[in-house]
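Chemist: Residues 94 to 232 in this note's numbering are what the sequence shown lists, from first letter to last.
Treat the hints loosely; a few may be bogus.
Lysine-lysine pairs mimicking BS3-like chemistry, simulated, CA-CA at most 27 Å apart [stated by the list, open to error]:
id, residue 1, residue 2
1, Lys219, Lys199
2, Lys199, Lys223
3, Lys219, Lys128
4, Lys208, Lys223
5, Lys149, Lys208
6, Lys218, Lys208
7, Lys218, Lys149
8, Lys199, Lys218
9, Lys199, Lys149
10, Lys128, Lys208
11, Lys149, Lys223
12, Lys128, Lys199
Ranges between beta-carbon positions, derived for each pair [what the hints assert, rightly or not]:
id, residue 1, residue 2, range
13, Glu168, Val129, 13 to 23 Å
14, Gln153, Glu182, 32 to 42 Å
15, Arg204, Pro101, 17 to 27 Å
16, Ile178, Arg204, 16 to 26 Å
No wet-lab data here; the hints were simulated from the structure. Built from N, CA and C at the ideal position, the CB exists for glycine as well.
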Amino acid sequence: MSLTPWRPLRELSREMWEFLERGPFPYLGEGRVPKVDIYQTESEVIVSAEVPGVSKEDLQLYVDESSVRISGQMEQNKEFRDEHIYRTERQFGSFARTVSLPAEVKPDEARAEYKDGILSVRIPKKNPGKANGRRVYIQ
94 MSLTPWRPLR ELSREMWEFL ERGPFPYLGE GRVPKVDIYQ TESEVIVSAE VPGVSKEDLQ
154 LYVDESSVRI SGQMEQNKEF RDEHIYRTER QFGSFARTVS LPAEVKPDEA RAEYKDGILS
214 VRIPKKNPGK ANGRRVYIQ
């Protein structure tokens with residue numbers, strides 16, 4: 094059985110950044126950010142992001158030892174002018190999302206794949222198998 098430490102300040106920080114990235118009024122179409130899942134195995138961290146409708150050429154990916162930043166541009170269909178639009182719910186424009194990683198990684202060895210609107214990033218851990226902390230016994 095392994096224990097996962099509770100890090101309330103990290104959670105609060107993450108929630109504040111998500112609020113700022115998403116914006117206070119997401120229904121107005123501002124602050125579009127991709128939804129992400131973050132997994133880790135013994136040897137790597139995997140980030141999976143939803144970016145449907147964005148071409149691979151319009152995506153940028155930056156990885157450092159502790160975070161991943163995904164940014165890009167969602168282009169609006171130029172076929173229709175404003176007077177021909179009956180309803181539009183999809184969001185367009187630029188977006189960016191930075192997420193913290195659960196372990197230090199080797200950014201130079203990151204690999205990314207984009208398929209069916211999902212960006213998958215696999216990054217080897219810097220110290221695989223090493224715990225992120227150690228238990229301190231109280232005397």
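Chemist: Could you grab the alpha-carbon distance between Lys199 and Lys223 and see if it respects the 27 Å cut-off?
Modeler: OK: Lys199 and Lys223 at ~14 Å, within 27 Å.
Chemist: Holds or violated: are the alpha carbons of Lys128 and Lys208 at most 27 Å from each other?
Modeler: Holds, because 15 Å separates the two Cα atoms, which is no more than 27 Å.
Chemist: Are the Cα atoms of Lys218 and Lys208 separated by 27 Å or less?
Modeler: Holds. Lys218 to Lys208 sits at ~24 Å (cutoff 27 Å).
Chemist: CA of Lys219 to CA of Lys128, is that 27 Å or under?
Modeler: Between Lys219 and Lys128 the Cα gap is close to 25 Å, so the pair holds against 27 Å.
Chemist: Starting from Lys149, check that the Cα of Lys208 is at most 27 Å away, please.
Modeler: It holds: about 9 Å lies between the C-alpha atoms, which stays within 27 Å.
Chemist: State, for the Cβ atoms of Ile178 and Arg204, whether the hinted interval 16 to 26 Å holds or is violated.
Modeler: violated (39 Å)
Chemist: Checking one constraint from the list: CA of Lys199 to CA of Lys218, max 27 Å. Satisfied?
Modeler: OK: Lys199 and Lys218 at ~6 Å, within 27 Å.
Chemist: Under the criterion that the straight-line Cα-Cα distance not exceed 27 Å, is the pair Lys149, Lys223 satisfied?
Modeler: At roughly 34 Å apart (the allowed maximum being 27 Å), Lys223 and Lys149 break the hint.
Chemist: Using the C-beta atoms of Arg204 and Pro101, is the stated range 17 to 27 Å upheld?
Modeler: violated (33 Å)
Chemist: Hinted pair, alpha-carbon criterion (27 Å max): Lys219, Lys199. Please report holds or violated.
Modeler: holds (5 Å)
Chemist: With a cut-off of 27 Å on the C-alpha distance, tell me whether Lys199 and Lys149 pass.
Modeler: holds (23 Å)
Chemist: Holds or violated: Lys218 and Lys149, Cα atoms, limit 27 Å.
Modeler: holds (25 Å)
Going through the hint list in order, the structure does not satisfy hints 4, 11, 14, 15, 16.
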